[in-house]
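Residues per chain, in single letters:
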Amino acid sequence: MEIKSMTAVELGKKIQAKEISAVEAVRASLAQIDKVEEQVHSFVTIDRAGTLQRAEEVQRQISDGTLTGPLAGVPVAVKDNMCTKGMLTTCSSKILGNFKPVFTAEAVRNLEKAGAVIIGKTNMDEFAMGSTTETSYFGVTRNPWNLEHVPGGSSGGSCAAVAAEECPYALGSDTGGSIRQPSSFCGVVGIKPTYGTVSRYGLIAYGSSLDQIGPVAKDVTDCAAILEAIASHDPKDSTSIARESYDFTGALRDDVKGMKIGIPQDYFIDGLDKEVKEHILRAAKVLEEKGAVVEEFDLSLVQYAIPAYYVIASAEASSNLARFDGVKYGYRTEEYEDLHNMYKKSRSEGFGAEVKRRIMLGSFVLSSGYYDAYYLKALRTKALIKQAFDRAFEKYDAILAPAAPTTAPRLGASLNDPLKMYLGDIYTISVNLAGLPGISIPVGTDSKGLPVGMQVIGSCFDEKKIFNIAYAYEQTGEYKRPALVQEGGRE
Amino acid sequence: MAKQYETVIGLEVHVELATKTKIFCSCSTEFGSAPNTHTCPVCTGMPGSLPVLNKQVVEYAAAIGLATNCQITQVCKFDRKNYFYPDNPQNYQISQLYLPIARNGYVEIEVGDMKKNVRIHEMHMEEDAGKLVHDEWDDTSLIDYNRSGVPLVEIVSEPDMRSADEVIAYLEKLRTIIQYLGASDCKLQEGSMRVDVNLSVREAGTEKFGTRTETKNLNSFKAITRAIEHERERQIELLEEGKTVTQDTRRWDDNKETSYAMRSKEDAQDYRYFPEPDLVPIVISDEWIAEIKARQPEFRSGKIERYKKEFDIPQYDAEIITNSRHMADIFEKASSICGKPKKVSNWLMVETMRLLKEHGMEPEEITFSPENLAKLVMLSESGTINSSVAKEVFEKIFENNVDPDKYVEENGLKTVNDEGELQKVLEKVIAENPQAVVDYKGGKEKALGALVGQTMKAMKGKANPGMVNQKLREMLK
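Sequences listed follow chains A and B, in order.
According to the numbering used here, the first sequence is numbered sequentially starting from 15.
According to the numbering used here, the second sequence is numbered sequentially starting from 25.
No wet-lab data here; the hints were simulated from the structure.
As the structure is a computational prediction, the values presented were derived from the model and not from experiment.
You may find that some hints are simply not true.
Cut-off 30 Å, straight-line C-alpha distance, at most; resulting in silico cross-link-like pairs (BS3-like, lysine-lysine) [to be verified]:
#, chain 1, residue 1, chain 2, residue 2
1, B, 465, B, 430
2, B, 155, A, 108
3, B, 465, A, 342
4, A, 99, B, 44
5, B, 468, B, 484
6, A, 250, B, 333
7, A, 291, A, 358
8, A, 32, A, 49
9, B, 484, A, 342
10, B, 420, A, 250
11, B, 366, A, 250
12, A, 358, B, 240
13, A, 358, A, 274
14, B, 211, B, 232
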């Protein structure tokens with residue numbers, strides 16, 4: 015097998031076995047980037063020189079036996095909203111177009127300690143606001159399965175890079191589905207862990223109470239191994255939780271006998287694509303055949319998740335993004351009259367339309383006289399949604415759902431109707447509101463040849479159960495590569 | 025008959041807490057360092073940075089709340105206050121609005137013979153902002169983030185005060201409590217205590233409050249008093265002219281003794297407060313409250329009563345000494361060493377207060393040790409040095425905390441008790457001042473003083489004045 019086509023864990027094993035060097039691994043990624051990046055555009059920054067140098071250092075530590083972990087020497091791409099010391103971190107925004115952080119995000123540091131080699135920073139929707147990676151200031155990312163379609167978002171760059179085999183795995187972030195939905199659109203595996211599992215220190219905040227970093231990879235095994243590497247209790251993040259266990263790979267068993275899995279009836283709504291629905295029901299059948307007990311149930315409150323999410327996330331974003339003002343770092347307008355004019359022009363010129371829309375929405379729902387009617391009501395809704403899930407998890411080990419109502423839409427088809435775009439988040443958003451873990455795995459392709467993703471949702475801290483189910487399902491089929499990669503492979 | 029007006033005042037008092045590190049990061053809170061040397065990604069609002077609460081801030085805030093009879097909010101939270109200004113690197117301040125740490129307290133004040141309670145509406149924790157430095161030559165502004173993230177509590181009183189005297193009594197009471205707790209040095213000049221005055225007037229006997237204004241930039245008790253008088257008169261004048269008071273925020277200019285409106289209610293900002301998602305709720309358990317209570321020091325009123333009993337000093341002395349916890353500590357220690365509390369008290373009340381005033385210092389800034397003061401009392405009491413030498417030595421103690429034993433020894437300041445030597449000097453003084461001798465013998469008691477003075481001078485102040493006096497009387501019989 016070619017290096018680029020290996021999973022992270024496969025490659026890591028070969029590196030430990032001295033069959034492949036860390037430098038060769040990086041070269042394989044860079045070679046694939048040379049081949050496909052122009053078409054896919056997964057990256058904002060590719061650090062060719064730095065990454066080779068780092069690979070050499072890591073290789074020395076592998077050779078002398080200091081680095082022995084499963085990810086040592088394996089290249090990784092990091093979403094461009096995670097701070098990397100001295101390396102551009104733009105959030106795909108003009109306002110941070112020149113920003114080089116003075117420290118590295120905790121999750122990335124954890125990877126570095128494990129010997130990971132960062133090859134670059136991946137494209138995203140500006141400040142993670144969007145579902146298509148079309149709102150990036152640095153241009154759209156295209157879906158490797160069909161370059162006329164979006165890769166999903168906001169972690170579209172990370173998911174496209176993995177699907178296009180530009181890197182074995184990547185880090186994404188998920189505030190309302192930003193790992194799971196693009197993973198689904200790109201036919202890769204992505205997990206959003208329980209809120210508090212991965213430190214947010216160094217993740218440039220969008221919706222602080224919802225944001226979580228998570229892995230994007232070719233299979234479930236990789237995701238479990240990567241999550242073991244990045245998860246930690248971080249005293250620098252007050253919302254980080256000291257978990258009882260950080261073992262995830264222990265759950266990779268091909269055995270779901272007796273597990274109880276629920277499918278919310280209320281997820282089968284009008285907007286759900288027929289083919290997607292069929293794929294999910296077929297996958298459920300597969301699990302049933304493997305011995306799981308699958309049944310439909312009523313989750314309730316489904317229709318309230320989207321409004322609650324857009325109120326809470328936008329409110330937090332309006333405040334989180336206030337610091338980008340042209341004073342201390344990032345973009346400052348060329349000419350201005352006074353302080354307020356400088357603020358206004360820098361922010362008007364520095365932010366894109368979707369970001370401005372959410373800042374305005376967030377400022378509105380927090381403004382005096384509206385706070386109770388919108389923000390407080392949204393918080394109460396969030397609590398009720400959490401309760402609805404808690405009730406479900408009294409009965410079920412996990413919940414099955416689509417990751418998105420459709421497969422990847424065509425480029426340009428979503429942004430002119432934001433409300434429709436927001437409705438596309440219906441299956442992912444409530445998981446963030448409730449702080450739950452959710453994984454998206456590929457379960458086939460539709461008639462257009464685009465991947466369909468299935469979501470497995472677990473109760474808080476129950477990552478092991480969803481890894482178990484996802485892994486068991488994964489054993490029933492082969493990982494599928496987009497044509498773009500297969501063609502590349504034939505050369 | 026002219027209308028009578030009543031002044032109604034409520035205060036918002038910001039107090040900088042004396043923690044070693046900032047409220048949400050581990051940067052030092054030290055005052056007066058080079059700009060931007062006590063900064064990190066958190067207190068400069070770098071993207072991706074997150075706040076972590078300093079536990080000591082909660083302890084101090086809860087201690088102040090308990091000492092001012094507040095209810096402690098056992099599950100309290102931080103909120104974000106959003107506004108754009110460069111001194112605030114995130115463009116929001118982490119503060120408390122919905123669940124402040126303490127509520128519904130009071131402190132008792134005394135003005136003349138009148139005692140009353142000033143109620144505390146609430147007290148909350150928050151972070152301080154950085155400091156803008158305007159370079160007028162260059163037409164630019166620079167920012168120093170050293171102060172950004174220094175912990176503050178804001179104590180909001182009810183509108184319970186009716187005069188500048190009551191305001192000062194309240195502030196002094198609050199300051200003493202906080203200083204006793206060691207929670208802040210509460211210096212108005214340096215800004216570790218900042219006072220905003222909310223004031224309105226109403227016709228005497230009416231219930232309804234008038235429209236209030238808020239006055240800021242008050243850097244001393246004198247400025248507060250002047251600003252209150254000025255604002256009261258300004259509002260009464262407006263009302264007398266049939267105009268209305270507008271609800272504005274005013275800045276006091278102490279040099280010009282006037283205030284001007286900074287902004288009115290119409291352009292008041294909407295701070296869009298919401299719960300700070302980066303911090304978890306703070307749970308203050310009964311056990312924690314009990315621990316904080318157990319650590320509370322003896323406060324001023326307790327000390328005054330004990331001093332009167334234990335040290336047998338008058339109320340007046342006890343009040344002055346306990347006005348500063350530092351001075352009270354010196355008093356207690358020195359008294360226990362030398363066993364002469366009244367003497368120690370005299371040194372503190374007279375000479376110490378005089379020198380503090382002369383140097384423009386606060387009692388908290390006293391640097392001498394109780395040991396050295398005790399030694400001085402003992403030297404003086406045993407007659408080893410006389411009172412004028414003692415005063416001279418005390419000045420040295422006050423300035424450099426010298427060891428009085430050594431200082432007296434090294435400078436040869438011991439009182440000469442050698443009667444032979446004194447006899448010689450006295451004979452000489454009597455011989456050289458015949459007129460005074462005649463006057464004294466003729467009944468002018470004053471003349472004796474002159475002779476004592478001459479003798480002390482001749483002996484370079486080291487004679488025992490009592491002994492000189494007695495001897496002279498004997499010799500001139």
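- What hint numbers does the structure not satisfy? Result: hints 1, 3, 6, 7, 9, 10, 11, 13, 14 break, sorted rising.
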